[in-house]
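J.: Sequence:
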Amino acid sequence: MNLQEINAVCSKVDAKPLEKLKDLPIGVVYPILKLKIINGHYGESILVETEDFKVFLPRRVTEVFRSLIANFTPAKYGFRSLGIQEIGHFSPSTKFEIVEI
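To get this note's numbering, take the position in the sequence shown, counting from 1, and add 24.
Hints are not guaranteed to be accurate.
[To be verified] Computed list of lysine-lysine pairs in BS3-like fashion (alpha-carbon distance at most 30 Å, straight line):
#, residue 1, residue 2
1, Lys44, Lys119
2, Lys44, Lys78
3, Lys100, Lys46
[To be verified] The calculated label-pair distances, taken between Cβ atoms and stated as ranges, are:
#, residue 1, residue 2, range
4, Asn26, Pro55, 30 to 40 Å
5, Gln28, Gly107, 41 to 51 Å
6, Gln109, Asn63, 20 to 30 Å
7, Ser115, Lys58, 24 to 34 Å
8, Ser117, Glu29, 43 to 53 Å
9, Glu68, Asn26, 29 to 39 Å
Everything labelled a hint here was simulated from the structure, so no lab data went into it. By construction, the Cβ of each residue, glycine as well, lies at the ideal position given by its N, Cα and C atoms.
Throw the hints in and build the complete structure from the sequences for me.
T.: Okay, here's the thing in structure tokens:
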């Protein structure tokens, strides 16, 4: 068993921070480098990787994006925050859109 190799993997720190979609500036386009489905505490969600950070998309888009992941072309598309929208007595909804770069 190679303990040095195992410990190198165990102590590896992901250099990209995790951001919240609602905290991103409105209107700034971030090129999407990678999309993947993550099975988290509340079910499956889409994790988007950009050059500088990672961000989870709202779970409401998971089913639509599932079929798009296989045909995804890195850096051809980007996303941008459109802000928060009040939706009645529920928690506000974060709006965003995917754009072609």
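J.: Against each hint, give a clear statement of whether it holds in the structure.
T.: Hint-by-hint comparison with the structure:
1. Lys44 / Lys119: 12 Å, holds
2. Lys44 / Lys78: The given pair, whose Cα atoms are some 9 Å apart, holds under the 30 Å limit.
3. Lys100 / Lys46: 23 Å, holds
4. Asn26 / Pro55: 30 to 40 Å: Distance hint for asparagine 26, proline 55 holds at roughly 37 Å.
5. Gln28 / Gly107: 41 to 51 Å: Holds: the Cβ-Cβ distance is about 48 Å, inside 41 to 51 Å.
6. Gln109 / Asn63: 20 to 30 Å: 27 Å, holds
7. Ser115 / Lys58: 24 to 34 Å: Between serine 115 and lysine 58, where Cβ atoms are some 28 Å apart, the hint holds.
8. Ser117 / Glu29: 43 to 53 Å: 45 Å, holds
9. Glu68 / Asn26: 29 to 39 Å: 34 Å, holds
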